[in-house]
Amino acid sequence: MRNKSSISLQRNKGFSLIELMVVVAVISLLAAGVNFVRIQLLGTTDTEKFVNEESTTTEETRALWKEQQPDYTGVTTVELIDLGFVDASKVSGSGATRVIKNPWGGETAYASFDLDGNADSAIEGNSGNVPKDACVDIVKKFSSRFNAVHVGSSQPTTTFNVKDTASGLIQVTTIRAACASENNNRIWWYQI
Numbered sequence: 003m004r005n006k007s008s009i010s011l012q013r014n015k016g017f018s019l020i021e022l023m024v025v026v027a028v029i030s031l032l033a034a035g036v037n038f039v040r041i042q043l044l045g046t047t048d049t050e051k052f053v054n055e056e057s058t059t060t061e062e063t064r065a066l067w068k069e070q071q072p073d074y075t076g077v078t079t080v081e082l083i084d085l086g087f088v089d090a091s092k093v094s095g096s097g098a099t100r101v102i103k104n105p106w107g108g109e110t111a112y113a114s115f116d117l118d119g120n121a122d123s124a125i126e127g128n129s130g131n132v133p134k135d136a137c138v139d140i141v142k143k144f145s146s147r148f149n150a151v152h153v154g155s156s157q158p159t160t161t162f163n164v165k166d167t168a169s170g171l172i173q174v175t176t177i178r179a180a181c182a183s184e185n186n187n188r189i190w191w192y193q194i
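For the sequence shown, the numbering used here assigns the number 3 to the initial residue and increments by one for each residue that follows.
Hints in this document: simulated from the structure, not taken from any laboratory. There could be a bad hint or two in this list.
Derived BS3-like pairs (lysine-lysine); straight-line CA-CA distance at most 25 Å [what the hints assert, rightly or not]:
#1 Lys51 with Lys143
#2 Lys51 with Lys92
#3 Lys103 with Lys15
#4 Lys134 with Lys68
#5 Lys134 with Lys51
#6 Lys134 with Lys103
#7 Lys92 with Lys15
#8 Lys51 with Lys15
#9 Lys51 with Lys142
#10 Lys92 with Lys134
#11 Lys103 with Lys92
#12 Lys143 with Lys103
#13 Lys142 with Lys103
Derived Cβ-Cβ restraints for the label pairs, each shown as a range [to be verified]:
#14 Asn149 with Ser94: 25 to 31 Å
#15 Glu50 with Gly97: 29 to 35 Å
#16 Ala121 with Thr176: 27 to 33 Å
#17 Ser156 with Val39: 34 to 40 Å
#18 Thr47 with Asp118: 33 to 39 Å
Nothing here was measured: the structure is a model prediction, and the numbers come from that model. Where is the CB? At the ideal position from N, CA and C, for every residue including glycine.
Work out the full structure, taking the sequences as your base and the hints as a guide.
Listed below in structure tokens is the structure:
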């Protein structure tokens with residue numbers, strides 16, 4: 003006669019199919035959650051890096067040009083690349099056709115800009131193919147660092163500032179409306 007303990011040992015030698023399916027489902031959910039968080043963090047990192055790099059490039063350009071002359075005559079993307087203001091890993095092309103690539107596959111360009119009728123009185127930067135969520139974050143951050151910010155497919159005829167002139171507060175609804183296009187946003191920024 004068998005005792006009860008030997009019978010119960012024989013029944014508990016493995017996992018049932020349902021138990022295995024539950025474990026696989028839990029592991030799948032955890033993996034999906036980790037991947038989602040990783041994507042969110044990398045997206046934020048790209049945006050932060052972009053804002054910091056373009057702010058630094060614009061400030062270095064401003065400092066150098068203001069030291070040497072009264073305006074920004076001669077500011078070009080290629081000139082800034084030649085001066086070493088741009089990380090070489092972000093440069094594509096060769097010679098006079100070199101461009102700066104942003105994290106989203108678009109191009110970033112720099113030039114002098116005639117602001118309020120004054121020739122070459124500002125630095126203009128612009129970057130294309132910016133995703134909608136990144137666009138909103140970038141415009142918010144740029145509006146506190148630069149004189150004016152514009153979102154649109156072409157160069158503005160007048161500068162556009164996302165701050166309310168009376169309160170000085172950033173108009174988030176204006177930014178969201180301007181950044182409504184997914185992956186087709188071009189952001190323009192200006193520094194005097």
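Okay, the hints, checked on the actual structure:
no.: 1; hint: Lys51 with Lys143; in the structure: holds, 12 Å
no.: 2; hint: Lys51 with Lys92; in the structure: holds, 12 Å
no.: 3; hint: Lys103 with Lys15; in the structure: violated, 59 Å
no.: 4; hint: Lys134 with Lys68; in the structure: violated, 34 Å
no.: 5; hint: Lys134 with Lys51; in the structure: holds, 17 Å
no.: 6; hint: Lys134 with Lys103; in the structure: holds, 18 Å
no.: 7; hint: Lys92 with Lys15; in the structure: violated, 58 Å
no.: 8; hint: Lys51 with Lys15; in the structure: violated, 54 Å
no.: 9; hint: Lys51 with Lys142; in the structure: holds, 15 Å
no.: 10; hint: Lys92 with Lys134; in the structure: holds, 21 Å
no.: 11; hint: Lys103 with Lys92; in the structure: holds, 5 Å
no.: 12; hint: Lys143 with Lys103; in the structure: holds, 20 Å
no.: 13; hint: Lys142 with Lys103; in the structure: holds, 21 Å
no.: 14; hint: Asn149 with Ser94: 25 to 31 Å; in the structure: holds, 29 Å
no.: 15; hint: Glu50 with Gly97: 29 to 35 Å; in the structure: holds, 31 Å
no.: 16; hint: Ala121 with Thr176: 27 to 33 Å; in the structure: holds, 29 Å
no.: 17; hint: Ser156 with Val39: 34 to 40 Å; in the structure: holds, 37 Å
no.: 18; hint: Thr47 with Asp118: 33 to 39 Å; in the structure: holds, 36 Å
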